[in-house]
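Chains as they are written, first to last, in my numbering: chain A, 1 to 79; chain B, 1 to 79; chain C, 1 to 264; chain D, 1 to 264; chain E, 1 to 363; chain F, 1 to 363; chain G, 1 to 188; chain H, 1 to 188.
Be a bit skeptical, because a hint or two may be false.
Below are the BS3-like pairs computed for lysine-lysine, each with C-alpha atoms no more than 25 Å apart in a straight line [claimed, not checked]:
hint, chain 1, residue 1, chain 2, residue 2
1, A, K79, A, K14
2, F, K312, E, K301
3, H, K162, H, K111
4, C, K230, B, K33
5, E, K286, G, K3
6, H, K123, H, K168
Please keep in mind that the hints were generated in silico from the structure rather than gathered at the bench.
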Amino acid sequence: MSAELTGVTQEFEKGTFTLFPGLCKGCGLCIAKCRSKALEWANVLGVYGTPAVIANENCITCGVCQLACPDCAITVERK
Amino acid sequence: MSAELTGVTQEFEKGTFTLFPGLCKGCGLCIAKCRSKALEWANVLGVYGTPAVIANENCITCGVCQLACPDCAITVERK
Amino acid sequence: MSVQPTMPKSWRVDTKPHKFCPGCGHGLVLKALGQAIDELDIQDRVVFGCDIGCSLLAWDFFNVDTVQTHHGRTNPVMTGIKRANPDLICIGYMGDGGGYAIGSQHLVNAATRNERITAILVNNAQYGMTGGQMAPTTLPGMKTETTPYGRDVDSTGYPCQGPEMVAAITREGAYVARASVARPVPLKNYIKRAIENQMSGNGFSFVECLSTCPTNWRTNNVETINFVEKEMTKYYNVGEIKVPDPKEPLGIKTSIKVPTGGIG
Amino acid sequence: MSVQPTMPKSWRVDTKPHKFCPGCGHGLVLKALGQAIDELDIQDRVVFGCDIGCSLLAWDFFNVDTVQTHHGRTNPVMTGIKRANPDLICIGYMGDGGGYAIGSQHLVNAATRNERITAILVNNAQYGMTGGQMAPTTLPGMKTETTPYGRDVDSTGYPCQGPEMVAAITREGAYVARASVARPVPLKNYIKRAIENQMSGNGFSFVECLSTCPTNWRTNNVETINFVEKEMTKYYNVGEIKVPDPKEPLGIKTSIKVPTGGIG
Amino acid sequence: MSEKPIQGERRAFLTGNEVVAWAAVASEAEIMFGYPITPQNEIMHYWTRMAPKFNKRFLQTEDEISAGFTTNGGVLAGLKAFTATSGPGNTLMQEPISMAEMMRLPIVTIVQQRGGPSSATVIYSQQEVNLTTHGGNGEGLRIVYSTATHQELFDYTIKAFNTAWKYRFPTFVLGDGYQAKMREPLTIYDPEVRGIEMVPAYKFVGKPGKPGVDRPPTQLRNIFNMEEELFEELGEQFADFEKISPQIAECEQFGCENAEIVVTAHGIVARAAKSAVKDLRERGLKVGYFRPITLRPLPVKELRDTFSRAQKVLVAESANGQFDQLLKYAAYGITTEMVPLFKPGVGINSEDIYDKVMTMLAS
Amino acid sequence: MSEKPIQGERRAFLTGNEVVAWAAVASEAEIMFGYPITPQNEIMHYWTRMAPKFNKRFLQTEDEISAGFTTNGGVLAGLKAFTATSGPGNTLMQEPISMAEMMRLPIVTIVQQRGGPSSATVIYSQQEVNLTTHGGNGEGLRIVYSTATHQELFDYTIKAFNTAWKYRFPTFVLGDGYQAKMREPLTIYDPEVRGIEMVPAYKFVGKPGKPGVDRPPTQLRNIFNMEEELFEELGEQFADFEKISPQIAECEQFGCENAEIVVTAHGIVARAAKSAVKDLRERGLKVGYFRPITLRPLPVKELRDTFSRAQKVLVAESANGQFDQLLKYAAYGITTEMVPLFKPGVGINSEDIYDKVMTMLAS
Amino acid sequence: MSKVIKIAMAGEGGQGVQSVAEIIAAAANDEGKECLYIPNFGVEQRGGVSIAFVQISDEAIGAPKFNTGDIVVALSERAVARTLQYVGPQTTFVYDASLNVSAEDLPKNAKRILEIPAVEISKNELSPRVFNIIIMGAVVGATGVISVEGAKLAIEKQLGAKFEKQPKLRELNFSAIDRGIDLVTKAG
Amino acid sequence: MSKVIKIAMAGEGGQGVQSVAEIIAAAANDEGKECLYIPNFGVEQRGGVSIAFVQISDEAIGAPKFNTGDIVVALSERAVARTLQYVGPQTTFVYDASLNVSAEDLPKNAKRILEIPAVEISKNELSPRVFNIIIMGAVVGATGVISVEGAKLAIEKQLGAKFEKQPKLRELNFSAIDRGIDLVTKAG
Ligand SMILES: Cc1ncc(C[n+]2csc(CCOP(=O)(O)OP(=O)(O)O)c2C)c(N)n1
Ligand SMILES: Cc1ncc(C[n+]2csc(CCOP(=O)(O)OP(=O)(O)O)c2C)c(N)n1
Ligand code: SF4
Ligand code: SF4
Ligand code: SF4
Ligand code: SF4
Ligand code: SF4
Ligand code: SF4
Ligand SMILES: [Mg+2]
Ligand SMILES: [Mg+2]
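Next up, chain A with everything else stripped away, as it sits in the complex (with noise of 0.2 Å):
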């Protein structure tokens, strides 16, 4: 892995959420854990040429999904 990894990240009222595709397997673990149904399959394909995960405007970057990934593929910063 490079020194430095590329995020995606997104805004929201609270906080950010970022995924790093280079991390994600497309697991699904952290949509199926995001009580708020704020996760969805994305079009960025993860490290496996497999779909990566977005976050959508029900997320209230509580940060359950990074706790959930196995691969540290998230990031939730609050403001």
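Dock chains B, C, D, E, F, G and H with the ligands against the given chain A, drawing on the hints supplied.
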């Protein structure tokens, strides 16, 4: 071992005490276990050439020594 | 016929006196086992497996089919026989080294799988056959050939609680007890119940027997008895630890469905 | 610098993405472990041992000294390192197959001897690396490659209760817990306490982690989470099982004298 | 008895692990004991799938040590029992197999070799030749068939059960990860339709009658008190093994009569050797092919005849000289040059052998 | 550091197991891991008695598998660690040793051979030659010293630690039950007074500095994803082993220059061979003595030179041809007749060899 | 040398090269040919390049792998790199047009290099799900080692159950095969 | 052959042949000789016949055991039977007079057969505890392989601690040695 073993039988009030020198290894567990202090080392030698045991008049033919003998060298029979 | 020794009928007379040392507890455990076999009248169905350890000396002890296995490997050999012919009554006989050290994976897994075999383990607090080294069962402070200054619990732990461990990992069907050669009657009864538990198809049965080894303990007769009766019982509780619950349904065929995708 | 992934500092970044499958719980356990190492600031003292099993994929996972051992043999390797250099913090990482089946003698005896090592065991209810065979932890009725019609408890027993077993055979000083990847915060806390327990010299510490294996479970994301959260917990209680009792004196040097003749 | 697993015979297209499972049911094997290890896992997978249908039993043990000892138990109770393993599992399995050796238990073990030493690779090698032919402590009295094709994997798995139960030596089928995982056609059959008589199993323990009354008890030991007792016991075993060796040893060869170069290989590498030799011969070159099918006992006579006539022998193996050592031991005294083509842990292709022979001819 | 266990040098009268324990402390070994098995037990017994005095550590493990793996752990942490075993324990020990082979860990193992296969006898044999020289799955890259006298047991135990830590191959001292239990005089010494420099131990893990910051982390593996990775790794190992072999290989011989018969044996049997050959030579007979001290690697050059000059070679071993196989492999191409004197599991006395040579000369 | 057609196919884990190889091999077997199929595998369940080796002949087949293929197919950039070693002067090298490879990355010594737009066709014309069947078609077309009917029969055998439920799938697959054959024969 | 004195001694478990052998060997070592002592052993801790092999020489000693002894001592009936194999034309065979053996049981091929009343002497003259030391004396006397002083020194070394507590024991042991030497030299 020959099919039949020769025992040394002692008669007491309530029964008999028989020792089989051909089986006795002289471990003395019977002596230690007899609460009546009715057992002593004998002149007869056991199977390993060490002294076997002999009962004395204290014997109440309770059978504890028989239970304690790992070699089945004692048979106590009550009348 | 003159008075004859009161050996269990299942003992093989022509190999007696047996090969154990004077005062060895193995003889007492095997007497109890012989009596249990007699009482259950199963001499023709028993397969006796003896471990390498002083138990190996019992390879021609009984008039029952006997297999001498490897050190620690009696439980799997008995398991293989039982699985292949469930009509046989498989009794594995081993030392504390064989059961709790080198063969502990077999003990643990036979217990977990609830194998229908009976394991009888002779706890003489050290390795008898090899001349008295520390075993998992060696008492704190006890001198052995590999703890010449006494077993140090800080560096080698406390005596292994075998039956308690087996009880912790078994469910319904298992029978677990700790007996002692100092009490020959319960010794025989526990062994008998352990075999009955196998015969009734309930499951794994296990009896640890506190036993003596005057040769390696270097004890005289009184010290020997004192050690097994007073010292060992400080660390080992004698009694039945787990008895099959007659209310619990035994030998249930599972029909549980688990919602993994599962394989095809 | 743009937003960067919130990986534990002790993770080796250049080997990420790691080698585990999508959705594999190993990643979550190793995240928790990484966080614990970070919080304790012990990256320079940790030796990480990974078993053969999917845990082998972690051989270059952390920026800590790492040894890939054999299947089931991580506990003895860690024990050897710890005994040789007690300043190191030895963390063994293994699967349920490695810990409860082929390596169970090592687990049991490391626990009995109260080895000052930390064992982290990933319970994914089957053998992941070899393609999904039954493990001692497989749930009743669960289909695996060697139980194609579902695990039959009558013939293969109930799921192995590892932490309960370890608790039954340890005395003061041991730390025993069962965590789950479904609850990342306690997961990290238990692991951290287990390491602290080693650092304070108390004794053996053991954390079983309920984990996921979507590849061999053949589950999608929702089923995966459901299985670890709902199904596994039917058989496995999550929580701390044994915590060192601060009142009990730890690490006592024994000075017990035992009245066997003892060796010369 | 449940119906015959294979009726008559039919062509099939299977992986090697499937072939073994089918061969085992065809051999009337009743019970398998095993512990997972790549690349032999699918033997267990297919066996467990077939088990209910053909009334077969299976036990997954806690490790290979247990798998070996339960297999010993299975044959003691009188069933055709078998196990399968690889690599570090094979290493561990030698402990139970040494018990089987001492007691002459007819256990059958399938070995699908993977890379070595240690965990190495889960894939392929021929690096378990020494371990499988010689075993643990002791002299390794066992029979080892090294197969090259799926047809042979089927045929020799059946034969292994017969050999084991007829001669009472632990018997191995030595395959490898390639054979385990590849697919190719073969004919599977009910041994009966081929006129193969299956040696029946028999009980060691649990025979009818009360021991000591109706019959002497079976009492089997593996440890002796005195060296002389062991020496005597072993003497009988060596004599038996010696006697039956010519009956058991097998080889395959062609073109060796007038060959300048004989190519020798075993197992799957023999396929490469065979096709390379065919091609070389088509080009009119004097190249022969010699392949021991049994690695223990070796076909010593044929081997010595062939090697002594050749000018050079090319030894090809996916190991660093394990097969070579067996050959040279058997061929001691012969002066034919033996040229190595060793590729430990990786495959040897027909082209590799073809090219090597060409260089040898050129030099 | 605690005071030197042996000051200067002195004559001692010890059992072989005592000798090993003394040699280990003299070698600056720090920790022993072991599991009891006859006939090596007393090594542990003496070691544990000496431990507090010389500040040595000991751990009795749950089995030989664990003893081997903890020994691997001990050297990984940077201590001279060793273990000792025999028979079925040696079989089990091959699993951890295969890890040591793959990772090139300098572990030292003392093997006191007992009868085989299986439990067999607790007494004596030379039946663990194949197992000890070749090991488990894989190619057995290790160094094996076979000792014949207590002096050698002392000298070569010291050497074993040096060889292991210098070359990083698992190293064995191959003794036997007779050597273990017999008493004879020898001189024990502080290696320094003999000018023997002890190779210092070094850490594999736990080196100073923060991994990834001050230094790369040590990350050791034994399994590879692809065959080619393994092939490459092994290639280096073979090259290393090949390169150092001539430095390591040792032998002892006399009277071979013009011998009609060369008697060869290893380990304790070499004593019988030596004294028989001396007696035969005193009678003016042309008999020579050749003994490899290292069984792996073998002193191939010397062996081939000597064997090719002889008319016959008598191979004496307390096994059924395990040593013979090593020799013939090394001697392939030589046509000198090799005459066996194999007594698996029992001792071979000087008279046995004397008589055998006399018959050979007569025939 | 005896006439053996040697095929190596490589791709990423999800691209289905192993299934295609297996179907081709099964088809050859059904046509009574000798054939041998072997996948590569390692410790990593996911993530590595997956390679399938297939050989088909009228005579017994030698080693399960080979040094040089008659047709070598690479479906990802990494697969191109990994398969270069199997390319020789007799090799037809096939790769997908969508790959990000330059001339340098491609084999220098192949008999013939075919770039085929399988990804594009599968996405735009058929369905991403039949991408690998287009590849299969290409292999069948390039080698002629099995008949088109044989190929279809084998697909039917393998996927029959699925086709029962979704009959449209059958057609999709059969079109994919045909399209694949087309691609190489036209390119030829 | 180089001059090696070969001694085999056999008895029941409790008869102390191993201690005697060890003391003889230690004495020889102390006198600067080459010597080798090896016990036999098996799985049974008790019950078997115990045999000790001792060899003493000025030169390096060969194999630890031998086929034929110079002096072979048997202290029980079973020991007589077990040691016959070690007797040859050069052997002095020693056994105790108390044994229940007939001429048939004794070796036919010995150079010399010595019946010595060690049991009797130990019981009646000295003490049963020094029975084995009388035997030691016999061996020393028969072989001359160590000096009487050496033998006594070695006993002192081995049992010194006991002698401190019970000084009478020393005298008893020394008398036993002398008596043993007497027995064979006189018989000679
Ligand atoms: C694999 C292996 N390791 C070690 C031994 C040596 N060995 C034989 S018996 C024994 C210990 C016996 O102790 P235990 O099991 O407690 O039985 P006991 O003799 O005390 O009754 C050992 C270590 C062996 N035979 N096999
Ligand atoms: C001695 C030995 N036996 C078997 C194997 C094969 N093997 C490798 S990993 C594994 C099982 C792994 O399962 P688990 O320990 O549960 O770990 P997981 O992969 O599920 O995380 C097995 C059986 C081996 N490597 N070594
Ligand atoms: S959990 Fe992580 S790897 Fe899995 S889909 Fe979500 S972001 Fe991707
Ligand atoms: S931060 Fe919370 S709400 Fe937003 S996507 Fe993640 S889990 Fe859902
Ligand atoms: S317990 Fe038995 S063997 Fe022991 S002394 Fe008493 S009778 Fe003899
Ligand atoms: S029968 Fe009772 S009283 Fe008599 S000797 Fe035995 S124990 Fe003592
Ligand atoms: S050594 Fe101990 S356990 Fe073994 S037979 Fe003797 S007394 Fe019994
Ligand atoms: S097979 Fe299972 S345990 Fe192994 S890496 Fe994949 S998901 Fe994880
Ligand atoms: Mg014990
Ligand atoms: Mg698992």
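Verification of the supplied hints:
1. For the proposed pair K79 of chain A and K14 of chain A, the alpha carbon gap of about 6 Å is at most 25 Å, so the pair holds.
2. With a CA separation close to 22 Å, the supplied pair K312 of chain F and K301 of chain E stays within the 25 Å bound.
3. Taken as a hint, the K162 of chain H and K111 of chain H pair is broken in the structure, with Cα atoms around 39 Å apart against an allowance of 25 Å.
4. Between the alpha carbons of K230 of chain C and K33 of chain B the distance comes to roughly 14 Å, so the proposed pair stays at or under 25 Å and holds.
5. For a cut-off of 25 Å, the pair hint linking K286 of chain E to K3 of chain G stands: about 22 Å separates their Cα positions.
6. Proximity of K123 of chain H to K168 of chain H is assessed by CA-CA distance (about 17 Å); at most 25 Å being required, the pair is judged to hold.
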